[in-house]
Every structure is written in structure tokens, then in C-alpha cells.
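Protein chains in written order, with my numbering: chain F, 1 to 334; chain L, 1 to 334; chain R, 1 to 382; chain Y, 1 to 382.
Derived from the structure by calculation, the hints contain no laboratory data. Check each hint, because a few of them may be wrong.
One-sided and incomplete, this derived list gives chain L residues near chain R with beta-carbon spacing under 10 Å [claimed, not checked]:
{"hint": "1", "residue": "T59"}
{"hint": "2", "residue": "P62"}
{"hint": "3", "residue": "G127"}
{"hint": "4", "residue": "V131"}
{"hint": "5", "residue": "H133"}
{"hint": "6", "residue": "C254"}
{"hint": "7", "residue": "L310"}
{"hint": "8", "residue": "E311"}
Partial list, computed: chain R residues near chain Y (C-beta under 8 Å) [what the hints assert, rightly or not]:
{"hint": "9", "residue": "Y137"}
{"hint": "10", "residue": "H225"}
{"hint": "11", "residue": "R255"}
{"hint": "12", "residue": "G259"}
{"hint": "13", "residue": "A326"}
Glycine included, every Cβ here is placed at the ideal spot set by N, Cα and C.
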Amino acid sequence: MTTVAARPATMAQALTRALRDAMAADPGVHVLGEDVGTLGGVFRITDGLAAEFGDDRCTDTPLAEAGILGAAVGMAMYGLRPVVEMQFDAFAYPAFEQLVSHVAKTRNRTRGAVGLPLTIRIPYGGGIGGVEHHSDSSEAYYMATPGLHVVTPATVADAYGLLRASIASDDPVVFLEPKRLYWSKDAWDPEEPAPVEPIGRAVVRRPGRSATLLTYGPSVAVCLEAAEAARSEGWDLEVVDLRTLVPFDDETVCASVRRTGRAVVVHEGGAFAGPGGEIAARVTERCFHRLEAPVLRVAGFDVPYPPPMLERHHLPGVDRILDAVGRLQWEAES
Amino acid sequence: MTTVAARPATMAQALTRALRDAMAADPGVHVLGEDVGTLGGVFRITDGLAAEFGDDRCTDTPLAEAGILGAAVGMAMYGLRPVVEMQFDAFAYPAFEQLVSHVAKTRNRTRGAVGLPLTIRIPYGGGIGGVEHHSDSSEAYYMATPGLHVVTPATVADAYGLLRASIASDDPVVFLEPKRLYWSKDAWDPEEPAPVEPIGRAVVRRPGRSATLLTYGPSVAVCLEAAEAARSEGWDLEVVDLRTLVPFDDETVCASVRRTGRAVVVHEGGAFAGPGGEIAARVTERCFHRLEAPVLRVAGFDVPYPPPMLERHHLPGVDRILDAVGRLQWEAES
Amino acid sequence: MTVMEQRGAYRPTPPPAWQPRTDPGPLLPDAEPYRVLGTGAADRTDPRLLRALYARLVRGRRYNAQATALTRQGRLAVYPSSTGQEACEIAAALALEERDWLFPSYRDTLAVVARGVDPVEALTLLRGDWHTGYDPYEHRVAPLSTPLATQLPHAVGLAHAARLKGDDVVALAMVGDGGTSEGDFHEALNFAAVWRAPVVFLVQNNGFAISVPLAKQTAAPSLAHKAVGYGMPGRLVDGNDALAVHEVLTGAVRRAREGGGPTLVEAVTYRVEAHTNADDATRYRGDAEVETWRRHDPVELLERELTRRGLLDEEGMRAAREDAEAMAADLRARMNEDAVLDPMDLFDHVYAEPTPQLREQRDLLRAELEAAAEAGPEGEER
Amino acid sequence: MTVMEQRGAYRPTPPPAWQPRTDPGPLLPDAEPYRVLGTGAADRTDPRLLRALYARLVRGRRYNAQATALTRQGRLAVYPSSTGQEACEIAAALALEERDWLFPSYRDTLAVVARGVDPVEALTLLRGDWHTGYDPYEHRVAPLSTPLATQLPHAVGLAHAARLKGDDVVALAMVGDGGTSEGDFHEALNFAAVWRAPVVFLVQNNGFAISVPLAKQTAAPSLAHKAVGYGMPGRLVDGNDALAVHEVLTGAVRRAREGGGPTLVEAVTYRVEAHTNADDATRYRGDAEVETWRRHDPVELLERELTRRGLLDEEGMRAAREDAEAMAADLRARMNEDAVLDPMDLFDHVYAEPTPQLREQRDLLRAELEAAAEAGPEGEER
Ligand SMILES: Cc1ncc(C[n+]2csc(CCOP(=O)(O)OP(=O)(O)O)c2C)c(N)n1
Ligand SMILES: Cc1ncc(C[n+]2csc(CCOP(=O)(O)OP(=O)(O)O)c2C)c(N)n1
Ligand SMILES: [Mg+2]
Ligand SMILES: [Mg+2]
């Protein structure tokens, strides 16, 4: 048996591969959504699946998101494992009632009799120059809905591993794909994909001692860049990639913050009532006496997603992150 | 001119009166929703409006929430000031796309050319023994959506004043009515209603020195009760009623917390990614050095709203609030 | 080619790829609701079916009365009665085979019970206990759906999945006249038709959505006419004629099972009682209207038919009544027992496995309950 | 009354309150799309209308080509071309009076421009600038709607409001074949019919929703058949026949204005180009299909008619082309100027007045920009 050396692959390729492997491994896995069949999806994530597995396994649906998700609920009730694609973040909103009132609640309302093993893939976030309604960061809505898992990869390997794990989960998973990372590349060997870990664990992407950057999805790369840039200012930043927003990995996060004593949460969506509020609050509750400074947040502004020509001002960038790190009351330490 | 003495009135009566006065004052105010006409709404808040102002001003719509809100958008575009009633919290979800993608964004996407002066009344929260889907606390979703104001009264007088102010606002307001307070009574003189204040100001409901309870809507009364009970433990608790979740009154809130040095946020919805996370995070960011303890949260559990027979275990009660106050590291003070 | 040359050559060219896909004629419902009772066709009905329907309608009527009484005694939080609609409820359940699925709306407790679900378990939701009292897989009955019309796409998805798996399972989904206005109704019917899913949609048009009469709900010739817009047949039936509803639904189920695709059935009926026990129907409708419908009562219509054909006498009626009374007595007795709920259950079924956070919260509640128990009865109070 | 007495007295009682509300017959569309060009009816058309349509169609075609070219030059982020659908786009705009409103879907830039909006402002959204480049009140054109079908209830609400205020304003709302599957389509049509709102719904059935062909979108005889389910007339028209679309829409607008209520018009047309410049249509359809439609081209059809009637010669064609070229040159020139956006605008129109929080955030960004400006060009980089 020869192993192919790891070669650069895109996140999009890893996601496609994850779907393909999941479909090959389990005949109950069905992909459905708008344009997922013949076209392979507008981001080509489902490319080739209809050809390989047939239209009944990878199905172009009518254009109606509540109908797609609602049908997936029924399919899951009958023992299938549907994977739904929502074409863009804002186009998942029509399915919100199905998501909140059924997908999230069915296991609970039936006291465990009916679980819904379904995965809802949603490309999310900005930075690709998309016109309005194509760049929302909607994770706050899903995090605030008990009964859903919320997962988002930041690396090519995680895209594969987390999507496999999400499809394998017996609970509904909102799988958020950072669209601006679709074409990002990592060395990754598609023939030897990462082990399919259970969801729910954060990971330290870069160890550091001065402060922790808590982040996920599209902002992980930005934080790593900021951490590099911070070296010249004498800061050694740790970067934690949360990977799974629900369930939240308090253990890994608090271990890091207790070590560094300082933290900044970084994400694209607006700060107000966004994920960062929860993260800052729970870190503060759990690590208060180890904190040298309040947990700060670097996020998008609290505005509707801006037009593409202004989005660079909105998205958290290296400078804004470093400014926040600079406000972590370093003087108190001396 | 004789003034009628203040007599006990219910919050429901005050809301009805606010609608009536608003409709009388401005012929552009139109009420629409399911059963709001002949029946006067399932909570009777629109009672008598169709009789007084006619079916065109208070309209029974077909049963379709996205249609109701979408139509209201068009009506607002034509210069009317629609007031929409959603029958229950969970039945507002079908309108989520209209709310997020249009109601919240239209002023912004038209650079101010098209404002949408519309009010969306939503009965919310639990404690009334409602069967599933009738007791959701959905404020986190609306808070996380820039472009919306989010308002919720806790007293009879505020129900009147805040609803008038919301209808008068040139921006869309999600007006959350705590259903378990509909039949609560205060001395209130309907002939001399409270002045119609602009929205956006919190209020100290009970001054205190030991710690601040930050709360709103249905939990204000519970917090006041807890503050009374706390006296026997030697704690003098301040209770702040936020009244408006968006925009948030940082000034009043921080002034209180800076004074007391300790804070607990109390609300019914789940803690995770709920309003309390935001409130705790922003208070901590702004008052870190005045905090003797981390801001704690007392909230519902992170579960789908429980069956009525279990809801008392879920809802934050006096004991749970006092337990949290007790965890505010009082020993550090001595 | 010059302009002048073109001139002579010009002929109308129809858009070449256009062709109508289906002949709409057969999809359209008749102008009048289909009826069997009181027509010659009733004579041909199997007496066993007539008797089975009758016994169940009498039971159903009694069940509605008993459940409403339980709300007055505080044993049920709320009950949306289907009195006057028993023919639809029972026929819906009887039209299905064991292996089929029922997707009920919140008013359809009777259909759920007629399908085999324990009468007490069917009321679990409405007594304030857990949201679904029965295991949906046991009798293939989905949870009663409170958010209107949301159950319809579920039925489509399940039926579609069954067909993909090669099972000849049909799903019957119930919805009210008001529910047809929701977007989910539209999306479900469209998916069903495009997928040719084996689903039957039963709209009980009972004239009202709480207080809103049909005329404010739709301007369509009938709700059954909506079918043509999806390319499926629409059928209009007298919903108080149990034989007619049964025949139409059985036909639609057979059609679905044989691969003919979905059908939309509108059963014209009437909500004789208020929306629920908490509603005051006098605010929006007069007695006269109710009275005319009481004279077209589904139980009485069936009773007359059986009597006419000599299949039922005073004795038989008494037997049916006694059977219903026994059911009611049993229901009453069992509903009078207090439900016992374990607060710890709050955390157990949010996910397949509780998250670390839910385990923490479970521990918190357990500690609270233990502290309260120690503090004695007063400790429980606040 | 004893059982035996009842027996003889039994007569079928129809549900007394049931009556069909509308005769469905007149609501149903014809089996074939309505056509004027190439039929005798075309002869009766006012030459001014023919010329006006022609000039605008030629301009529209050129506009589509120019906008697509601008995407290749990076001057537009994306462009969904309506090449092949110009007859629908132009006729929709021309069917309206000044005081009426247009509610366009994202593909309908041509209709927006034909309504009077500046050709550059109509592209503001698609060049990555602010979401709506024009003031909707100036020409009574709602923002281009990206979320599909969501604009339809807006049109209904606006038309309803206008009628309540006593204004005889009509709203025309545009949607694609794919968009008809959304719940919002259903809810909007139902509201419009129940309220008898002065709205006209124009579905451009161009055969595809991105890659999904009509057969996977619906099983209906035609999309126009959906009308009957709402109790409004459905009309089917050849969407490449500008005269036919104009006549049908004008009629529907007149009907709406006179209080006759809404109409659903399905215009059968074809999306000749890819979904947008970013799409690769060869992945899901063959050239042959496209070719058959190219032979039924809306501009050519009109050109032939004008030519046949002697209303157009080589000279006239050249004039139309030159006019279109001038428009394109102007568009090109103006689109080549860089848009100037003020980042501070991010905060100014979220609410009528910025909240305290937004003022803080504005200050933060202003400070950042000032710091970056001081730091010089490299400072701007990250
Ligand atoms: C999505 C949604 N909106 C609103 C409600 C509140 N509601 C409960 S029953 C009802 C009326 C239903 O009418 P219909 O569909 O005709 O059924 P019926 O009550 O007549 O059986 C309404 C508005 C709901 N349950 N779900
Ligand atoms: C609610 C919503 N879902 C999905 C999309 C993504 N999307 C953009 S265009 C399109 C296809 C639209 O097809 P159709 O309605 O036929 O209009 P056409 O593109 O043919 O003009 C899709 C799925 C969207 N914009 N809005
Ligand atoms: Mg009804
Ligand atoms: Mg199309």
C-alpha cells in the first residue's frame, strides 16, 4: 500500500470529498438543495455527486428553503440522513421556522423517540465581494437555539473531518462554511483524510503566552496573521480555533485564558448580541480571577452587512485586532 | 378640567389604549394580524379597534405571517404606519426572512431613502402554562439583527408609553409583550397616560447598594421580589429595568454597576448566546475595574421551552436569583 | 438577407420549447362537494364499513365532549374540539393501512386516537405534560403539529423517503382552511407534486381559523382548486359525510400507493364549537349559522343511513353509546391521575447526549431541588 | 322520533352554508400562450407603440451586452443578464403609468431603467456599491430584490395602502419561475386576492432557476394555472412577443386600477445567456435548446413586424442601433469612473438617528482611518 504524499487541496475539495465519502459509506445519506445536482452547487461543493450516486441521492429541489428543510425533517424521520445545502446565509432565513420549531425541538418534544440526524450546510460570512444578502454571519441565531449543534471549520482538514462528524451525528447540525475559505489551500492528503473526530472540541492553532485570541471559521486565518504581526510588538499571542460553537469547549478555552490571563474574541458578525458576547461572558464567569483585563471583542460593526466596496472596513482585520490587544491593560502587569 | 384618580389597570388595557390613542392621533396607523379585528386578538389587545376605526384600519389577515409582515413593509413604503400583531412568539418565525432581510435592512440598503416606520407586536415568554411553541423568548434573535429596535415593557405605564413611542418611531420596532404580565395591574390613570418618551432609556426600579440586578420584561417583577427577599440576607439590591434592549442604555446600566460593583443579569430565555451574554460582556468591558465579581447570569436553561408542568423549574425564580447573588464573591469585600 | 427579403418570409414562430405539461381538466374539483350518504351510492356500501365508521364517530363525539369537560376540571390545559368534524377525523385514520403515516394538525386528536394511539397519550401535550405523549414510530403518527402547516413538508419528505427505499407507504397530512394560507402549505404541495410523492393532503375546511371566516382567508372558488396550481388533482367532498370522505381518501391513498402521486382533498365541514375551550365564538359568529350546521351533523347523517338500511336499531345505538361511555369513563379516570414528571428529563433529550453545559445545568437544578426538599414545604415556594 | 319514524323522513341535506365562491372557468389561462406578433391582431397595433417598444428593446439588448462586458472588465461584480427576455422587461415598464409602482426581482435591471431610473444608478448594487443606487420614490421603483419572491408581499401591501388612501395606483411585481416555489409567492397572491389589491404579478418563466429546469420546479399545467387557487385570473403569454406581453399587462393593469383585483401573468420566455456572468450554463443545458430559442428572439420578432408593416427600414434600424450605442458608450464611460464611497456612511442609515453604540463605532472607524492615513500607504494595508 502506497501513501500519496499530502498535496495542496482546497477547502471546497475537502468538503466535496467528505460528502462523497459519507454517501459511499452510508446509503442513507442524501444531499438536497437548490442546484446541488447537475450543477454541483453554486460553489461546486456537491460537484459530481449526482453523477456518481444518482439524482435520488443528490437532488435538485424546487426553490423553497422551508420546503427543503421540512422535507429533510420527514426524510430523517424515515431513517435517512439528509444533508441540506442552503445556497447562501440569508437564504436560509425562509427555513427559520422549520429550523427552530421542528429541527431543534423534535428530539426533545418526543422525549428522545424521534431524533433528526440531519446536516444543514450554510455558506456564511463575507469577504468575497458578494452583493447584499450574500455575506451574513448568521451563527448567533443558531447558537441561540437549543437543540442544534453549530460547527464551522477553519482549515481544509477540519472541513473534511467536521463535516463527516456532523453527518455522522445523530443530532441536527448547522454546518457553517466560511465562503471566503472555500478556495483556501492546505497540504492535505485526500487519500488519507483526517480521522473523523466527534464534534465539540476546540483546538489551539498557535500557542502563545501573552493573550488568547478566541475565534473560528473565517477569522482564524486573520488571527494567525495578527499573531505573527504582534511578535514585533513583543506580544506572543495564542490562537484558539473554536471549531464547534455548540457544544462549546469551555475546557480548552478556559485552559488557554487561564494561562494567558487575557483574551480577545474575534468574529465577523456584529458584536451586539453576537457570539462574542456569549464567549466573553462565559470566559469571564469561569476565569474572572485569572483575568488581567476584560475580555474584549473585535467584530463587525452593528450594521447590516455593508456593500462590497466597504466590507474591508467592516471585517475585523489585523490592525483592529492588534488595537484591541493593545487595550488589554498591559500596564497593570508591570 | 377634572383629573380622574389613578385606578388599577392591566397591562393589556394599557396596550389597547395605546393602540387606540395612536390610531386616533394618526390616520396612518393601521393594525393588522390574525384575529385582530372582530375577535380583538387572542389576548384581546386589539379589542374594539375594528369597531371604532373600521376593518380597513384594524384588519384580520389571512393566516400567513410572512405575508402579514411583507404586506406591512409595502404599506409602510406607501407612508402608512403599520402595527403588526404576531399571535405568539414562535409564530413570528415564518416572517423571519422578511424581518431580517427587509424590515431591518431597508433604510440602510436605500441609504435612508426608505424608512419603515412599523411596529411588530409579539407576545413572548413563558409562565402562562402555554403548550409548546407558545412560550419562546425570542429576543436574542431580534437583538442580533441590526436595524431593529427591540423594546419590552415591564409595567402598565411603560406598556402604554413604550408602545406609543414605538409606533411613533420612524424605525421598525420589535415590541415584545411579556404575556404573563398582560393581566398584571398597576395604579394607572388611563385619562392621563404617561408621557410618550423616546425609546432607549433604562430605569432604576429599585435603588440599592450591594449589587445590581439587570433585567427586563417578565423578569422585572421577579427581581423586585428577589430584592425584597434579599433584605433578610443583608443585601440591598438595585433593580434596573432595561425597557429597551436595542438601543441599549449603557449609561444607566454602567452607572448602576459602577456604584454597586456587582451585577446579575436575569432573563427567561436560555443563557447560551442569549441577551445576558451581551449584557454581561458589555458591562464587563466598560466597568471591569469597578467589578468585585464577574457579572453572573440567571436565565432559563439551554433547552427547548419545557412543558407547562415543568416550566417553574426552568424560569428564573427568587431562589435562583438569590443563589447567584450569593456567588458574587462577597468574601473578597471583607 | 435584406429587410425587404425578410418581409415576405416572416411567419409566426411559436416558442419552440414551450409545451403545456398537463391537461388541467382532470385536476379540477367538481363544483359541488362529493356526497354519498342519502344518494343511491350509499346503498352499495359494505355494512361493516358503515358500522365501523359509526362506532368510531360516536366514540369520537364522546371523546371530544369528555376532553372539553376535562378542561373545565383543570385536567387539560386546553382542548381544540373537533365536534362536528368527526367524519373527517375518523375517515382519515381509517383510510390508511398499518404501515402508512398520519401527520396531524393540532386539532386532530381524534384521528390520532382512531389510528391506535392511547387516548390518554394523545392528550399528553394538552394537559401540560411533555409535548408528545406517544412514540411516533409505534403507530406511525407524527407529533400533533402546533405551528400550522409545518407538518406538511414533513409528510412529503417521509413519503418521498419511503418511496426511495422501495416501501409502499403513504403519508396522509391534515391541515385546516387557515393553514392553507401559510407558505409551508404551498411549498409542501409543490414538492409533493414534483417528486410524485405518495402523500394525501386533507384540508378540513371548517369555515374558520379561530375567528377569521373563510371569506377573509381565500378568494378561491374552493380550496381544492389550489391543486391545479401544483399539477395534482383536487377533490371536494362533504366533510360531514363519513362515507364520502372515506371513499375519496381511500381512493387518493390508493392512487398515491400505486405511484399516481399526491392528491389534495378539501373536506367541507364546520367547527361547531368554539376554537378551543378558551375561545368565545359568540364574538364572531351567530347561533343561526351554527344551527344550520348542527342539522347536517356527521354522526346523525350516518345514524340515519344505518337506520334506513336496517343496520342499526335502538339496541345498536345504545351499545355504541355504552361503548363510548366506557371509553370516556376510562379516559376520565386516567386523566384524573396526576401526571408525574421528572424535572431532570428537561436535559436528557435536547441532544442524543447531553452537552457538558447541559450536564452542569442539570447538576444545578438537582442541587436546587435537593436544597428545597431539605428546607421543607416552604422552601419549594418561590 | 323513533328510529322507524326517522327512516322514512331521511333526505340528503347538503351542508347549508357551503357555496362555491367564484366560477373557476374565467380564471383559467388558455392552453397556449397568447400571441400577437405574426397574427392578424398585430396589424391593428398603433405604430407609435411598435416603434417605442422596438427602440427600447434594442437599447435593452445593448444594455445587457454592455453590462456583461463590464463584469469582464471588473467594473461590475456580477450581472444577471436578461438577454432574450427584453420583451417582458420593457413591456412591464411601459404598461405602467407614472404614478404606478414597479417591484423588480434581481434580474430586472432593464425594467428598472425603462421605468426612468438612471442606467448607472440601476447598477449600483451590482458594481459592489450601495445596495440601492436610486431613490425608490423618484420613479416609484422598489429596490431590486435579491431574496427571491420577498418583494411580492411588499407590492401587495403598497397597492393595498394606495387603495385605502384613495389613490388609483397599481403595483406590478416581477418574479421568476423559480421564485414561484417560495412561500412568499403563495402568501402574496393570496393576500392580493383576498384584499382585491391592485397588483399585477408578472412571472417570467425563462425555463430555469440557475441550473434547475422548470420540470423540476413544478408539475403544474402552467404557472399561470396557479392563479385559480387564489381566485384571480391567470394569463399565459408568449414572453418574447413584446406586443402580446404589453397588451396582456396593460389589460391587467387596467383591470387592477378599475377595482377588478389582481392578475397573475405568466410570460413564457427563455434565459438565453447563463444565469450570471459567473455561471457556466454548459453544465446543465445543451446548445440546441438555446438555439431554438434564439430563433424566437424578441428583438427580431418585433423587427420583422415593423419591417413587414413598412415602419422600419435599414435607416431606422441603424438609428436604433446608434441610439443604443450612445447609451452604451455613456454607460461605459460613467461606469469606468470609480465609485466614491464614504466609510462613515456605514453608520448613518441603520436607523433614522445613529444609536449611541453606532456613534461609538463610527468614532472607532474614524480613528482607525485617520491613523492609517497618518501611517501612509502601507498603513492602509492590513
Ligand atoms: C404558524 C402559526 N401561526 C399561528 C398560529 C396560531 N393559531 C393556532 S390555531 C389557528 C387557527 C387555525 O385555523 P385552521 O387552519 O382553519 O384550523 P382549525 O383551527 O380550524 O382546525 C391559529 C391562527 C399557529 N398555531 N401557527
Ligand atoms: C430566497 C432565495 N433563495 C435562493 C436564492 C439564490 N438564487 C438567486 S437567483 C436563483 C434562481 C432564480 O430563478 P428564477 O426565479 O427562475 O429567476 P431567474 O434567475 O430565472 O430570473 C437562486 C436560487 C435567492 N436569491 N433567494
Ligand atoms: Mg379552520
Ligand atoms: Mg427562471
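Hints, one by one, checked against the model:
1. Taking 10 Å as the C-beta contact cut-off toward chain R, the hint placing L:T59 at the interface holds, the least distance being around 9 Å.
2. Because the smallest distance between the Cβ of L:P62 and any Cβ of chain R comes to about 4 Å, under 10 Å, the interface hint for this residue holds.
3. A hinted interface residue such as L:G127 counts as satisfied when its beta carbon comes closer than 10 Å to some beta carbon of chain R; here the least separation is about 13 Å, so the hint is violated.
4. Hint status for L:V131 relative to chain R: holds, with the closest Cβ pair at about 6 Å, below 10 Å.
5. About 5 Å separates the beta-carbon of L:H133 from the nearest beta-carbon of chain R, less than 10 Å, and the hint is met.
6. Residue-level restraint check for L:C254 is violated (minimum Cβ-Cβ distance to chain R is 28 Å; threshold 10 Å).
7. For the restraint placing L:L310 at the interface with chain R, the shortest Cβ-Cβ distance is roughly 6 Å, inside the 10 Å limit, so the hint holds.
8. With 10 Å as the threshold, the beta carbon of L:E311 comes within range of chain R, its nearest partner Cβ sitting at about 9 Å, so the hint holds.
9. Annotation: interface hint on R:Y137 violated; nearest CB of chain Y at approximately 29 Å, more than 8 Å.
10. Given the 8 Å rule on beta carbons, the hint for R:H225 holds: about 5 Å separates it from the nearest Cβ of chain Y.
11. For R:R255, the interface hint is violated, since its Cβ never comes within 8 Å of a Cβ in chain Y; the closest pair sits about 15 Å apart.
12. For R:G259, the suggested interface contact is broken, since its CB lies about 14 Å from the closest CB of chain Y, more than 8 Å.
13. Hint on R:A326 is violated. Least Cβ distance to chain Y is approximately 23 Å, over the 8 Å limit.
Hints 3, 6, 9, 11, 12 and 13 from the earlier list are contradicted by this structure; the remaining hints agree with it.
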